[in-house]
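Residue numbers (the numbering used here): 689 to 951.
Derived by calculation from the structure, the hints in this document are not laboratory data.
Where a beta carbon is used, it is the ideal one built from N, C-alpha and C, also for glycine.
Worth double-checking, as some hints may not be accurate.
[What the hints assert, rightly or not] Keeping only pairs whose Cα atoms sit at most 35 Å apart, straight-line, the calculated DSBU-like set for lysine-lysine is:
1. LYS932 x LYS894
2. LYS764 x LYS787
3. LYS800 x LYS787
[Unchecked claim] Derived CB-CB ranges, DEER-like:
4. ASP863 x HIS769: 14 to 22 Å
5. HIS860 x HIS897: 19 to 27 Å
6. GLU777 x LYS894: 39 to 47 Å
7. LEU934 x GLU864: 17 to 25 Å
8. GLY808 x ASP890: 12 to 20 Å
9. PRO869 x VAL790: 32 to 40 Å
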Amino acid sequence: MERFVTRGQKRPGSDGATDEAPRGSEKKRIKVEICDDEGVKEEDEDAAFEEFSHPIPWQKIEADGLDCDYALLFSKEEADHLFKQLEEEVVYMKGEEAKVQVFGKVYSIPRKQATYGDEGLTYTYSGVKHSACPWTPTLEYIRDAVTKTTGQTFNFVLVNRYKDGQDHMGEHRDDERELDPLCPIASVSLGAARDFIFRHRDARGKQSHRHIEPVKLELAHGSMLLMNPPTNTFWYHSLPARKKVLLPRINLTFRRILLDSKK
DNA sequence: TGGCTATCACACCA
DNA sequence: ATGGTGTGATAGCC
């Protein structure tokens with residue numbers, strides 16, 4: 689069974705007049721598709737709250753073992769500006785660095801990637817160790833904006849650039865060995881809106897024991913998706929190809945990498 | 001040791 | 001019929 693659900697409309701009865709809306713008290717509409725054998729259950733989104741310093745309308749996205757928060761972090765004008773700045777500043781991997789080995793065969797990854805972060809940090813992707821470049825001004829600005837709204841600090845960002853709808857990323861989880869398991873991953877989107885799909889690890893494959901429908905959402909220009917633990921443990925995510933998308937998208941995933949003393 | 005990663009083939013749908 | 005999309009098979013490396 690599949691249903692499209694629009695969640696997060698303004699609560700009936702909320703006066704909606706307060707400037708200092710606590711997190712979750714006022715919602716923007718985004719299209720979230722939550723599918724479930726028994727249909728959709730509406731949760732009280734106000735039940736979840738944390739003290740954030742900036743009042744932003746948050747959208748809670750929850751399923752079994754999945755816990756995300758979605759918000760528009762930047763206005764269109766600011767997001768346009770940031771996108772342009774990143775197009776000038778970010779230097780992407782090329783050549784051998786942009787290749788990946790899958791089932792013995794070597795491919796160029798279907799997107800461009802770059803890693804930035806605190807000095808000396810490294811990140812392993814598909815068995816290849818990348819060292820982080822020093823932060824650029826725009827990446828620092830966005831990082832700080834994320835920190836202000838989430839209260840979380842980050843020492844690393846993975847930049848993915850999808851030149852159009854043909855560029856994509858296959859289903860995966862982020863490497864848990866290197867990541868601080870208690871720190872959420874903050875995913876900032878700039879440019880073309882793209883579909884984003886979560887699938888539960890027990891609902892993959894031909895004969896999976898559980899029937900858990902995927903959670904699908906669209907990541908808008910200037911948005912931020914916070915993936916809270918334990919989401920990354922149970923849910924794979926992907927950015928599927930979309931032939932109709934003709935414009936580029938830049939995605940920034942801010943993380944906290946453990947200083948590699950232990951692996 | 002097992003889980004990862006992209007592509008291809010093919011089924012399904014409108 | 002056609003094109004876009006979703007799912008499974010693939011089988012080597014660390």
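For the pair supplied as a hint, LYS764 and LYS787, is the alpha-carbon distance within the 35 Å limit? holds (34 Å)
Compare the distance between the alpha carbons of LYS932 and LYS894 with 35 Å, and conclude whether the hinted pair is satisfied. holds (29 Å)
Assuming the hint says 12 to 20 Å, is it satisfied by the Cβ distance from GLY808 to ASP890 or not? This hint is violated: roughly 37 Å between Cβ atoms.
Assuming the hint says 17 to 25 Å, is it satisfied by the Cβ distance from LEU934 to GLU864 or not? violated (35 Å)
Assess, step by step, whether the Cα of LYS800 is no farther than 35 Å from the Cα of LYS787, and give holds or violated. holds (10 Å)
Range hint 32 to 40 Å (beta carbons of PRO869 and VAL790) holds or violated: violated (26 Å)
Cβ separation of GLU777 and LYS894, checked against the hinted range 39 to 47 Å: Taking Cβ atoms as reference, GLU777 and LYS894 lie about 44 Å apart, which means the hint holds.
Is it true that ASP863 and HIS769 lie within 14 to 22 Å of each other by Cβ? About 32 Å separates the Cβ atoms of ASP863 and HIS769, which means 14 to 22 Å is violated.
Beta-carbon spacing of HIS860 to HIS897 - inside the hinted bounds 19 to 27 Å or not: holds (21 Å)
Checked against the numbered hints above, the structure breaks hints 4, 7, 8, 9 and satisfies the rest.
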